[in-house]
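K.L.:
Sequence:
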Amino acid sequence: MEEVNNNSKKQSINVLFCGPDFPASHNYTKEYLQQYPFIQVDVVPLADVPNVIEKYHLCVVKNMRMDSNVISRANRMNIIMQFGVGIEGVDIEAATKKGIRVARIPGDLTGNAASCAEMAIYLTLGLLRKQNDMLISIKQKTLGEPIGETLLGKTVFILGFGNIGIELAKRLQPFGVKIIATKRSWVSHAPPGSEPSERHIENGALDDLVDEKGNHEDIYEFASRADIVVCCLSLNKETAGTVNKPFIASMKKGALIVNIARGGVLDYDAIAESLQSGHLGGLGIDVAWTEPFDPNDPILKFSNVIITPHVAGVTEHSYRSMAKLKIQSGHLGGLGVDVAWTKAFDPNDPILKFNNVLITPHVAGVKQHSSASGGT
Numbered sequence: 083m084e085e086v087n088n089n090s091k092k093q094s095i096n097v098l099f100c101g102p103d104f105p106a107s108h109n110y111t112k113e114y115l116q117q118y119p120f121i122q123v124d125v126v127p128l129a130d131v132p133n134v135i136e137k138y139h140l141c142v143v144k145n146m147r148m149d150s151n152v153i154s155r156a157n158r159m160n161i162i163m164q165f166g167v168g169i170e171g172v173d174i175e176a177a178t179k180k181g182i183r184v185a186r187i188p189g190d191l192t193g194n195a196a197s198c199a200e201m202a203i204y205l206t207l208g209l210l211r212k213q214n215d216m217l218i219s220i221k222q223k224t225l226g227e228p229i230g231e232t233l234l235g236k237t238v239f240i241l242g243f244g245n246i247g248i249e250l251a252k253r254l255q256p257f258g259v260k261i262i263a264t265k266r267s268w269v270s271h272a273p274p275g276s277e278p279s280e281r282h283i284e285n286g287a288l289d290d291l292v293d294e295k296g297n298h299e300d301i302y303e304f305a306s307r308a309d310i311v312v313c314c315l316s317l318n319k320e321t322a323g324t325v326n327k328p329f330i331a332s333m334k335k336g337a338l339i340v341n342i343a344r345g346g347v348l349d350y351d352a353i354a355e356s357l358q359s360g361h362l363g364g365l366g367i368d369v370a371w372t373e374p375f376d377p378n379d380p381i382l383k384f385s386n387v388i389i390t391p392h393v394a395g396v397t398e399h400s401y402r403s404m405a406k407l408k409i410q411s412g413h414l415g416g417l418g419v420d421v422a423w424t425k426a427f428d429p430n431d432p433i434l435k436f437n438n439v440l441i442t443p444h445v446a447g448v449k450q451h452s453s454a455s456g457g458t
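In short: position in the sequence shown from 1, add 82, done, that's this note's numbering.
Think of the hints as simulated: they come from the structure by calculation, not from any bench.
These numbers were taken from a predicted model, which means no experiment stands behind them.
One or more of the hints may lead you astray.
[To be verified] Straight line, CA to CA, 30 Å or less: simulated DSSO-like cross-link-like pairs of lysine-lysine:
1) Lys334 with Lys236
2) Lys179 with Lys319
3) Lys236 with Lys327
4) Lys406 with Lys137
5) Lys334 with Lys319
6) Lys383 with Lys334
7) Lys144 with Lys112
8) Lys295 with Lys335
9) Lys334 with Lys212
10) Lys223 with Lys212
11) Lys295 with Lys252
12) Lys260 with Lys327
13) Lys327 with Lys295
14) Lys319 with Lys335
15) Lys180 with Lys252
16) Lys144 with Lys383
17) Lys179 with Lys144
18) Lys212 with Lys319
19) Lys236 with Lys335
20) Lys212 with Lys260
21) Lys212 with Lys335
22) Lys319 with Lys180
23) Lys252 with Lys383
24) Lys144 with Lys252
25) Lys236 with Lys180
26) Lys383 with Lys327
27) Lys236 with Lys252
[To be verified] Here are the in silico distance ranges between beta carbons for each label pair:
28) Pro391 with Asp290: 33 to 39 Å
29) His361 with Asp190: 33 to 39 Å
30) Ile229 with Gln117: 16 to 22 Å
31) Asp130 with Thr372: 31 to 37 Å
32) Pro391 with Ile220: 19 to 25 Å
33) Gly258 with Thr372: 34 to 40 Å
34) Asp124 with Pro380: 37 to 43 Å
The beta carbon of each residue, even a glycine, is placed where N, CA and C say it ideally should be.
Working from the sequences, and respecting the hints, build out all of it.
P.N.:
Below, the structure is given as C-alpha cells:
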C-alpha cells in the first residue's frame with residue numbers, strides 16, 4: 083500500500099475549486115475522494131486563482147469568470163468544468179485554442195433539474211401567497227391576512243423548455259394549471275416500433291406535459307396570456323436580456339416573473355421600472371444580475387419581491403449526485419475515465435497500473451442511436 087501511495091503522489095492530479103461559494107460542491111467531492119490520495123483538491127480564493135492556476139490539471143469554476151487571460155496561464159490544465167449546468171462564464175474559444183476541454187454536468191442526470199424545478203414552484207407559491215406580507219402579519223399578530231392566490235386555474239409560461247422546464251411541467255400538472263412553453267426547436271419522434279396512435283416523445287417529455295408549444299418568436303404572445311412566467315433559459319448572447327421592456331409590456335398587469343436560470347436573462351432596468359409602476363405583480367429570483375446580490379439593492383424594497391441566494395440546485399441529493407458523477411465519469415482524472423488527457427491515451431501510461439482506475443476509449447456517447455443522429 084505504501085508503494086502504491088508513493089507512486090500515486092508522483093502521478094498526483096491537482097484539482098482547483100474556484101472560490102469558497104457553494105461549499106457543498108468541494109466538500110462532497112473531497113469526502114468521496116478520501117480513499118484516493120493521489121487526487122489533491124484545493125479551494126482557492128477567486129482573487130488568487132490567476133496566480134496559481136498553472137499548477138492544476140482540472141478546474142471547477144463555480145461562479146468565477148474564466149476569461150482568456152486566466153486560461154492562458156493554465157499550462158497543465160486538461161479540463162475546465164462547471165459543478166452544474168451553466169458554462170457561460172468560461173471562454174470556450176480560448177480554452178479550445180489552449181487544448182483544454184470544457185465540460186458541465188447535465189441536470190437531468192443528477193437531480194439538479196428537479197431541484198431547480200422545485201425552487202421555481204417554491205418562489206411561485208411564495209409570490210402567490212404573499213410570503214413577505216405574511217411575515218409582517220406574524221410580527222403584528224394579525225390573523226387571516228394577507229389574502230393570497232392559488233396556482234389552480236393559472237396559466238404558466240415556461241420560457242425555455244429544457245431539462246428544468248420538463249421537470250417543472252411534471253410538477254405543475256397536479257396544481258391544475260395550463261402550461262404553455264417555448265423553445266427554439268421542438269424535436270418530435272416516435273419511439274422505435276411504436277404505433278402512430280402511441281404518444282410521441284419530445285425532448286424526453288411526453289406530449290401531454292405541455293398544453294401549447296411555441297418557438298422563440300412566440301414569446302411575446304405567450305407572455306400576454308400567462309399569469310406566471312418562469313425563466314428556464316440558458317444564458318448566452320442570444321438570450322441575454324430576453325425579459326426586457328417589450329416583453330414585460332406584453333405581459334398582463336399583475337402577472338409574475340420567476341427566474342431560476344441566470345440573472346442576465348432579465349433586464350434589470352426593465353424589471354425595476356415595472357415593479358415601480360405596479361405593472362409587474364411580483365418577482366421571484368434565485369439568481370441575480372451580480373452575485374452575491376447587494377442586500378441594499380432598491381429592487382428588494384418591494385414586498386412582492388422574493389430572492390434566494392442561488393440555491394435552486396443546491397440540495398443534498400443533487401450536490402452529492404454531481405460529486406459522484408464527476409468522479410465516476412472520470413472528470414477528476416481517476417476512478418473511471420472516458421475523456422483522457424490526450425485523444426489517443428498511451429496504453430502504457432503509469433496511471434493505468436492502479437487497480438482503481440478504469441478507462442474506456444471515449445465511447446460514452448457512442449451508441450447506435452447517437453451515432454446515427456450525429457451525437458457524440
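K.L.:
I'd like to know which numbered hints this structure contradicts. Please list them from smallest to largest.
P.N.:
15, 18, 23, 25, 30, 31
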